Amino acid sequence: QVYHTPSSERYQTMIQGSTDNSLIPIVYGGHLYWSSFMRTLYLLHHVPKLNGLVDPPSHQFTCLTIFREPLSRIQSCWNFRMVQTKGTRKKAVPNFANLTISDMARNLVTARSSEGEGCLNEPMRIFSDFGPNEDIVNDLVGAGEDIANIALNQTIERAGKCVVGILERCDDTKEVIASYLPFLAPYFKCSNHHQKGKVPKGDLDDDQVDAVLKLAKYEQRVYKQANIMLDTQLRLSRTS
Numbered sequence: 097q098v099y100h101t102p103s104s105e106r107y108q109t110m111i112q113g114s115t116d117n118s119l120i121p122i123v124y125g126g127h128l129y130w131s132s133f134m135r136t137l138y139l140l141h142h143v144p145k146l147n148g149l150v151d152p153p154s155h156q157f158t159c160l161t162i163f164r165e166p167l168s169r170i171q172s173c174w175n176f177r178m179v180q181t182k183g184t185r186k187k188a189v190p191n192f193a194n195l196t197i198s199d200m201a202r203n204l205v206t207a208r209s210s211e212g213e214g215c216l217n218e219p220m221r222i223f224s225d226f227g228p229n230e231d232i233v234n235d236l237v238g239a240g241e242d243i244a245n246i247a248l249n250q251t252i253e254r255a256g257k258c259v260v261g262i263l264e265r266c267d268d269t270k271e272v273i274a275s276y277l278p279f280l281a282p283y284f285k286c287s288n289h290h291q292k293g294k295v296p297k298g299d300l301d302d303d304q305v306d307a308v309l310k311l312a313k314y315e316q317r318v319y320k321q322a323n324i325m326l327d328t329q330l331r332l333s334r335t336s
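Heads up, the sequence shown is in this note's numbering, so the first residue is 97 and it goes up one at a time.
No wet-lab data here; the hints were simulated from the structure.
Just so you know, these numbers come straight off a predicted model, no measurement behind them.
Note that CB positions come from ideal geometry on N, CA and C, so glycine has one too.
Any given hint could turn out to be false.
[What the hints assert, rightly or not] Restraint ranges, calculated between C-beta atoms of paired labels, are given here:
#, residue 1, residue 2, range
1, P190, R334, 41 to 51 Å
2, N249, E211, 21 to 31 Å
3, P190, K257, 31 to 41 Å
4, E241, C286, 36 to 46 Å
5, S210, V237, 19 to 29 Å
6, K313, S275, 29 to 39 Å
7, S198, T328, 34 to 44 Å
Using the sequences and the hints, build the whole thing.
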């Protein structure tokens, strides 16, 4: 992961303090993993006192996370990570819509991108403590109910500490960003579409959809909760 303090290119680097006229520095991050970021924060503040195991500090930062409908996200992920950028396989990998049912069930669990990541359960990969363990996070159905529920609950709890957006609800997402992260609002445009990918999407039949959703059942639950979080943030922002 890369953490950086930007120059005055697009975003401001300081904001006004809430209780006085002091300026508070901002650190912006890209694709951050919750567990490793919390440990990074701990090390930054406690290196001189480091002794034994590292426990993460309390939540000390503001975050924005945007969820995407699982079926659409998984298909897009496969076509980009495994087809367009080749993944870790030497042989050509078929477009997601051209996978057989048996190939889908097997390859979604085992396939890895060039960065060593699969395409299942991305929210848990980001938020849960199992994120660094690809064999678990990319196969929560196979990992068992106990582990899957820990990953599910950690993801919902930690995502709930962020400003939550939904890709398919761009206008609602923009509204909560304008309320909670106003300095980012001018740069969040629903009309802009980047990184569309070069691989044709293709249509999935009902059997393919069923095969994917069986493997993505925990991500579906997270997506449902994320929509509830967005509804709640919208309601609070409109009544405050």
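Okay, the hints, checked on the actual structure:
no.	hint	result
1	P190 with R334: 41 to 51 Å	holds, 46 Å
2	N249 with E211: 21 to 31 Å	holds, 26 Å
3	P190 with K257: 31 to 41 Å	holds, 39 Å
4	E241 with C286: 36 to 46 Å	holds, 38 Å
5	S210 with V237: 19 to 29 Å	holds, 25 Å
6	K313 with S275: 29 to 39 Å	holds, 32 Å
7	S198 with T328: 34 to 44 Å	holds, 41 Å
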